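Q: Residue-level listing of the chains:
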Amino acid sequence: MATDKFEASLKKLEEIVKRLETGSLSLEDSLKAFEEGVKHAAFCSNRLEDAERRVEILLKQKDGSLKREPFEPGQE
Amino acid sequence: MDIFSEKTILTVSRLTTLLRGVLEENFEQLWVQGEISNLSYPSSGHCYFTLKDSGAQLRCVMFKSAVKNFKFRLTDGMALIVRGRISVYDQRGEYQLVCEYMEPAGIGALQTAFVQLKEKLALDGLFDEAHKMNMPLFPRKIGVITSPTGAAIHDILHVLKRRFASLNVLLYPVRVQGEGAALEIARAIDEMSRLAEVDVVIVGRGGGSLEDLWAFNEEVVARAVYRSKIPVISAVGHETDWTICDFVADLRAPTPSAAAELVISSADELRHQIETLAHRLRRSLGTLLANYNYRLGGLRRALHDPRTMLGHLAQRMDDLAGRLDMGLSVAVSRRRDRFERLQGALQHSDPKVMVDALRQRLELLSVRAEHSLSQSLEAVRQEFGDNSARLEVLSPLKTLARGYAIATHGDTGAVVTDAGSLAVGERMLLKLYKGQVQCRVESVETGKA
Chain G
36 MATDKFEASL
46 KKLEEIVKRL
56 ETGSLSLEDS
66 LKAFEEGVKH
76 AAFCSNRLED
86 AERRVEILLK
96 QKDGSLKREP
106 FEPGQE
Chain F
2 MDIFSEKTIL
12 TVSRLTTLLR
22 GVLEENFEQL
32 WVQGEISNLS
42 YPSSGHCYFT
52 LKDSGAQLRC
62 VMFKSAVKNF
72 KFRLTDGMAL
82 IVRGRISVYD
92 QRGEYQLVCE
102 YMEPAGIGAL
112 QTAFVQLKEK
122 LALDGLFDEA
132 HKMNMPLFPR
142 KIGVITSPTG
152 AAIHDILHVL
162 KRRFASLNVL
172 LYPVRVQGEG
182 AALEIARAID
192 EMSRLAEVDV
202 VIVGRGGGSL
212 EDLWAFNEEV
222 VARAVYRSKI
232 PVISAVGHET
242 DWTICDFVAD
252 LRAPTPSAAA
262 ELVISSADEL
272 RHQIETLAHR
282 LRRSLGTLLA
292 NYNYRLGGLR
302 RALHDPRTML
312 GHLAQRMDDL
322 AGRLDMGLSV
332 AVSRRRDRFE
342 RLQGALQHSD
352 PKVMVDALRQ
362 RLELLSVRAE
372 HSLSQSLEAV
382 RQEFGDNSAR
392 LEVLSPLKTL
402 ARGYAIATHG
412 DTGAVVTDAG
422 SLAVGERMLL
432 KLYKGQVQCR
442 VESVETGKA
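Residue numbers (the numbering used here), protein chains in the order written: chain G, 36 to 111; chain F, 2 to 450.
Hints listed in this document are in silico derivations from the structure and should not be mistaken for laboratory results.
Warning: the hint list may mix true and false statements.
Here chain G is said to cover these stretches of chain F; the calculated rule only asks that three of the stretch's residues, wherever they fall, bring their Cβ under 8 Å from a Cβ of chain G [claimed, not checked]:
no.: 1; stretch: 169-182
no.: 2; stretch: 209-218
no.: 3; stretch: 267-273
Simulated DEER-style distance windows between Cβ atoms [claimed, not checked]:
no.: 4; chain 1: F; residue 1: Arg302; chain 2: G; residue 2: Lys47; range: 21 to 31 Å
no.: 5; chain 1: G; residue 1: Glu107; chain 2: F; residue 2: Glu192; range: 17 to 27 Å
no.: 6; chain 1: G; residue 1: Glu107; chain 2: F; residue 2: Gln92; range: 28 to 38 Å
Capping the alpha-carbon separation at 27 Å, the derived lysine-lysine pairs in DSS-like fashion look like this [unchecked claim]:
no.: 7; chain 1: F; residue 1: Lys435; chain 2: F; residue 2: Lys399
no.: 8; chain 1: G; residue 1: Lys74; chain 2: F; residue 2: Lys142
no.: 9; chain 1: G; residue 1: Lys46; chain 2: F; residue 2: Lys142
no.: 10; chain 1: F; residue 1: Lys230; chain 2: G; residue 2: Lys95
no.: 11; chain 1: G; residue 1: Lys40; chain 2: F; residue 2: Lys142
no.: 12; chain 1: F; residue 1: Lys142; chain 2: G; residue 2: Lys102
no.: 13; chain 1: F; residue 1: Lys230; chain 2: G; residue 2: Lys46
no.: 14; chain 1: F; residue 1: Lys399; chain 2: G; residue 2: Lys95
no.: 15; chain 1: G; residue 1: Lys46; chain 2: G; residue 2: Lys67
Just so you know, these numbers come straight off a predicted model, no measurement behind them.
Just so it is clear, CB atoms sit at the ideal spot from N, CA and C, and this is done for glycine as well.
Please work from the sequences and hints to get the whole structure.
A: Below, the structure written as structure tokens:
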């Protein structure tokens with residue numbers, strides 16, 4: 036699921052920030068970590084923004100299966 | 002008047018008046034027991050409510066005059082025994098109980114059922130915190146189980162739209178009140194869990210009376226919520242309404258709108274979290290680089306510019322060269338002085354000069370030697386004359402000539418000055434002015450000098 040990838044990315048971002056903040060990395064590793072962190076941050080932000088809002092309603096068919104249809108609020 | 006005749010057509014008002022007459026005549030004074038709901042105190046001062054039990058409900062009114070005599074405060078769910086009469090409210094065609102007196106009748110039946118079921122489910126562990134699931138960090142699709150025509154779905158969609166929340170919504174339509182509603186809700190929860198399509202499920206409805214909300218107090222709903230593999234948010238009625246479903250759910254929202262806000266806020270929180278992390282990321286690198294820069298600055302200062310160093314060297318060289326010049330001239334003049342001194346000394350020690358000097362000195366010395374020699378000869382001659390005269394005086398011979406003799410021991414030749422040193426019979430020698438005499442000691446007379 037996309038959520039898993041998102042959460043993995045977020046977790047990675049957190050790890051990178053913590054590692055950078057300890058200041059124990061060499062300059063080269065720091066720059067690499069920073070670059071990676073920026074990528075994760077961008078990925079997470081995009082994921083938050085790119086979802087679309089779609090509203091569907093489940094309708095029960097005669098055979099018991101469920102059918103999806105767009106739902107407009109206010110319909111009686 | 003025969004109102005049942007085919008030809009008689011009644012107006013609504015007329016029929017209502019007739020019905021009121023019948024009701025008011027036959028239900029003039031009665032006692033009714035039931036539970037209060039839909040209680041309202043409008044500004045008119047009258048009091049309106051519904052009395053109900055599990056099978057029916059009865060509209061009630063208590064007019065201001067009777068309300069004034071009241072000692073306790075009415076609340077929804079309270080069980081009452083009411084005395085009053087039946088009347089009809091013409092305008093709405095409703096019959097109602099006009100209350101004159103009422104007293105509490107212990108806890109109402111529905112309240113009792115609620116408490117009993119709550120206790121039972123608590124014992125079964127349905128409210129255990131340990132069983133509650135965390136809300137999804139980043140819900141992308143939410144399920145909503147409610148009436149498609151109710152206030153709940155309307156409120157939820159309104160909030161999502163107002164907050165520009167990008168979320169997919171899957172609505173599972175159910176009846177939320179009345180016979181069979183609880184079972185429908187329970188089946189919908191099971192179905193949502195089975196589909197595993199959404200990240201979180203909101204189950205609920207808008208506000209209503211206690212019996213309107215009753216489906217959410219049914220065990221079958223509670224069990225389905227407990228079974229669900231997807232986190233469930235319960236959003237039933239208003240802030241003050243608590244249902245069994247609220248207790249079992251992973252999260253309770255006071256209203257459906259609040260449920261939507263909760264779902265969105267997790268995305269908001271997430272956005273904030275990402276921004277914070279990105280900020281910390283940049284800041285920590287900034288700190289790191291600043292630190293390196295600082296160290297570099299220190300090192301750069303320590304690493305002298307070669308040009309500066311050359312300058313220093315040149316200066317030092319000038320300095321040394323100056324000192325060298327000075328030192329050289331000093332050394333030279335010092336050596337010149339010494340040379341001159343030595344030269345002077347050397348001139349003094351020229352052999353010719355030395356020879357001349359020595360000759361001169363020799364001549365001087367010769368003169369002095371001659372002079373002193375003749376002088377000392379004269380002195381010696383003089384002294385000799387003096388001494389000869391003194392010698393004449395001191396000579397023993399002269400003394401001997403006067404008749405003195407020198408006695409000496411015959412064997413040692415030592416002069417005898419003490420008679421005690423002589424023994425009788427010892428030989429002695431007497432030296433006379435002319436010749437000597439051998440003699441022998443006859444006797445000894447010691448004496449003092």
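Q: Check whether the Cα positions of lysine 142 of chain F and lysine 102 of chain G lie no farther apart than 27 Å.
A: 17 Å, holds
Q: Between the alpha carbons of lysine 46 of chain G and lysine 142 of chain F, is the straight-line distance 27 Å or under?
A: 21 Å, holds
Q: Given the proposed pairing of lysine 40 of chain G with lysine 142 of chain F, does the C-alpha separation stay at or below 27 Å?
A: 15 Å, holds
Q: Does the Cβ pair glutamate 107 of chain G, glutamate 192 of chain F satisfy 17 to 27 Å?
A: 22 Å, holds
Q: Are glutamate 107 of chain G and glutamine 92 of chain F spaced within 28 to 38 Å by their CB atoms?
A: 36 Å, holds
Q: Quick one, are lysine 435 of chain F and lysine 399 of chain F close enough, alpha carbons at most 27 Å?
A: With Cα atoms ~11 Å apart, lysine 435 of chain F and lysine 399 of chain F stay inside 27 Å; holds.
Q: Take the stretch 169-182 of chain F, compare each residue's beta carbon with every beta carbon of chain G, and decide whether three or more fall closer than 8 Å.
A: This one holds; 6 residues, not fewer than the three required, reach chain G with a Cβ under 8 Å.
Q: Do the alpha carbons of lysine 46 of chain G and lysine 67 of chain G lie within 27 Å of each other, as the hint requires?
A: 17 Å, holds
Q: How about the stretch 209-218 of chain F: do at least three of its residues have a C-beta closer than 8 Å to a C-beta of chain G?
A: violated (count 0)
Q: For the pair supplied as a hint, lysine 74 of chain G and lysine 142 of chain F, is the alpha-carbon distance within the 27 Å limit?
A: 25 Å, holds
Q: Taking 21 to 31 Å as the stated bounds, is the beta-carbon spacing between arginine 302 of chain F and lysine 47 of chain G within them?
A: Given about 40 Å between the Cβ atoms, the range is violated.
Q: Does the stretch 267-273 of chain F contain three or more residues whose Cβ lies closer than 8 Å to a Cβ of chain G?
A: holds (count 3)
Going through the hint list in order, the structure does not satisfy hints 2, 4 and 14.
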